[in-house]
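Fit chain B with the ligand to the supplied structure of chain A, relying on the hints for placement.
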Amino acid sequence: MTAATYLRPGLPVPVPENDGLDAPYWEGTRRGELRVQRCKACGTWQWGPEWICHKCLSFDIGWQTIEGRGRIYSWERPWHPAHPALKEQGPYIVVLVELPQAGGIRMLGNLLGDPRQDVRIGAEVEAVFEPHDDAKPPFTLVQWRYSGR
Amino acid sequence: MSGRTLRGKVAIVGIGETTYYRHGKSPDPEFKLALKAVLAACADAGIEPRRIDGFASYSNDRNDPSRLAAALGLPELRFSNMQWGGGGGGGSGAVANAAAAVACGMADCVVVFRALAQGQFQRFGAAPPGGTVSGEPAFNAPYGVMSPAQRYAMRAMRFIHENRIAPSAQRAIALASYHHAQRNPRAVMYGKPLNEEAYDASRWIVEPWRLFDCCQENDGAAALILVPAERARDFPKKPAYLLAAAQGSEHRNAARVHNAPLYATSSFTTVAPNLYAMAGLKPADVDVLQSYENFTGGVLMSLVEHGFFAAEEANAFLVPENLLAPSGRLPLNTSGGNLAECYMHGLELQVEAVRQLRGESTAQVPDAHVSMVISGPMVTPVSSMILGSAETLQ
Ligand SMILES: [Zn+2]
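One line per chain: the protein sequences are A and B, in this order. So in the working numbering, the last one in the first sequence is 149, and the numbering has no gaps at all. So in the working numbering, the last one in the second sequence is 394, and the numbering has no gaps at all.
Isolated chain A (complex conformation):
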């Protein structure tokens, strides 16, 4: 049974790209690991995933597990339901989180908690893994909440 999720069920189910590029990320989140790309040749962090390092053009890109913490870089609060699954949802918060410990790459997620709360750009947040075990196929999202709560 899937525990309560931030957004109501029925949104599109994320699956790895058919060329396998982002499979390590999606496999990692199922295990509670946050994995992003880091170039083995020059150490550059890279997100979203790509086949080549944008800095040194090496194809030897590795995946590194990182600590799920960052700070809010930007945010938005959708009200209008763009998808049928969101018709009864009401407002919700999406944050773009910057990860200083991984070269400042950014990741997207929902900010857990009251959907009408104030959002502070620059505030520290931590990752929360949100499993969707009943989805077909099952997947786990990385969500965010204010640190120390």
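Keep in mind the hints are simulated off the structure, nothing from the lab. Among the clues, some could well be false.
Unchecked claim - Here are the computed distance ranges between Cβ atoms for each label pair: (1) B:W84 - A:V128: 34 to 40 Å; (2) A:D114 - B:R123: 57 to 63 Å; (3) A:D19 - B:E230: 48 to 54 Å; (4) A:D19 - B:G3: 22 to 28 Å; (5) A:E50 - B:E230: 32 to 38 Å; (6) B:Q120 - A:E50: 34 to 40 Å; (7) B:N195 - A:R30: 50 to 56 Å; (8) A:Q64 - B:E197: 38 to 44 Å; (9) A:F129 - B:A70: 53 to 59 Å; (10) A:D114 - B:D285: 47 to 53 Å; (11) B:G280 - A:Q64: 48 to 54 Å.
To be verified - Sample of chain A residues with no beta-carbon within 12 Å of chain B, all distances over it, derived: (12) D60; (13) I66; (14) Q89.
Stated by the list, open to error - Keeping only pairs whose Cα atoms sit at most 30 Å apart, straight-line, the calculated DSS-like set for lysine-lysine is: (15) B:K32 - B:K192; (16) A:K87 - B:K192; (17) A:K87 - B:K25; (18) B:K282 - B:K238; (19) B:K238 - B:K9; (20) B:K238 - B:K32.
Everything numeric in this text was worked out from a predicted model, so none of it was measured. Glycine is no exception: its CB is placed at the ideal position from the N, C-alpha and C atoms.
Just chain B with the ligand, lined up with the frame of chain A:
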């Protein structure tokens, strides 16, 4: 500037539009709308449609040039071109591509067009239900980020934060479009004025954008006819000469999952300098501006990046009186634009830019000689262009 330039080499001598409808309300299917706009542009240019020898469009327009050429019985097709990606960001790029073909002799009479019938096809602002997503959408859709508004609000919010943009700045952009639409009987929002109170009371679509910050979605078609500048005086209407066009975006703009290094931009930081360099003009030379409103915050950043004011001056500059024809400092979206005339995916802005140089606008700027269009902020590639009267070529 090197000798390699489009400046003054091509002119727009015909403009055509269908009636503009609310989305899903066109009585005609999309292909018929495209044909009607092309024929209207030919009539405006005073030419026999069979003189057309090329087509250019953008955003994966569904109306294939070969089918158009067959339907119209063209003797030959010499140029067909699609601007990659970028949604409405391709509007000026499509003009640039057509102009390049004309300037270098690949074709003599190229139509730039865009047609949309959203009753027949999926709307942009509504996501398809269910299913799976992969790649970039897999990192967005499960978090409820699916529509263009949801995709780009994140960029605008960062810009608003960095530059302390007041809500009144975005509001002024919406008010300008609605104000001008009240003088334009073609506008879908003609007879539906907007004031500050109604804007402030309107519902959020996605913070920081209210209903009136977001473009309409519409059905219709628009077309332009481009010919070599040396033939431009053979046509009945005053020619609009292309002074410059530029497309593209800055370093790693499309880095996935919102990782563009310069995130809080409308994508024009490198494009705009290229545009002015080709035109040999500066922002103060622009008499009238049409700037694509997908969302008002995108217009705001576009104006900054095209040098009309600095980010820290935005709150002071963006008041309605500065943006209104005939006498504002920078008359903006004088037909009503995407917000209030019609979301013809931005091509109605090119049509209006030509009208301003002819003196045919319903919100005419007196003595307009330099007329700019900015296409599709925040996407990539974006594009922009500058048209000029015959006087600007001297
Ligand atoms: Zn590298």
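Here is what the structure says about each hint:
| no. | hint | in the structure |
| --- | --- | --- |
| 1 | B:W84 - A:V128: 34 to 40 Å | holds (38 Å) |
| 2 | A:D114 - B:R123: 57 to 63 Å | violated (31 Å) |
| 3 | A:D19 - B:E230: 48 to 54 Å | holds (50 Å) |
| 4 | A:D19 - B:G3: 22 to 28 Å | violated (44 Å) |
| 5 | A:E50 - B:E230: 32 to 38 Å | violated (47 Å) |
| 6 | B:Q120 - A:E50: 34 to 40 Å | holds (36 Å) |
| 7 | B:N195 - A:R30: 50 to 56 Å | holds (53 Å) |
| 8 | A:Q64 - B:E197: 38 to 44 Å | violated (53 Å) |
| 9 | A:F129 - B:A70: 53 to 59 Å | holds (56 Å) |
| 10 | A:D114 - B:D285: 47 to 53 Å | holds (50 Å) |
| 11 | B:G280 - A:Q64: 48 to 54 Å | holds (50 Å) |
| 12 | D60 | holds (19 Å) |
| 13 | I66 | holds (15 Å) |
| 14 | Q89 | violated (8 Å) |
| 15 | B:K32 - B:K192 | holds (28 Å) |
| 16 | A:K87 - B:K192 | holds (28 Å) |
| 17 | A:K87 - B:K25 | holds (24 Å) |
| 18 | B:K282 - B:K238 | holds (24 Å) |
| 19 | B:K238 - B:K9 | holds (15 Å) |
| 20 | B:K238 - B:K32 | holds (28 Å) |
Against the hints set out earlier in the document, violations occur for numbers 2, 4, 5, 8, 14.
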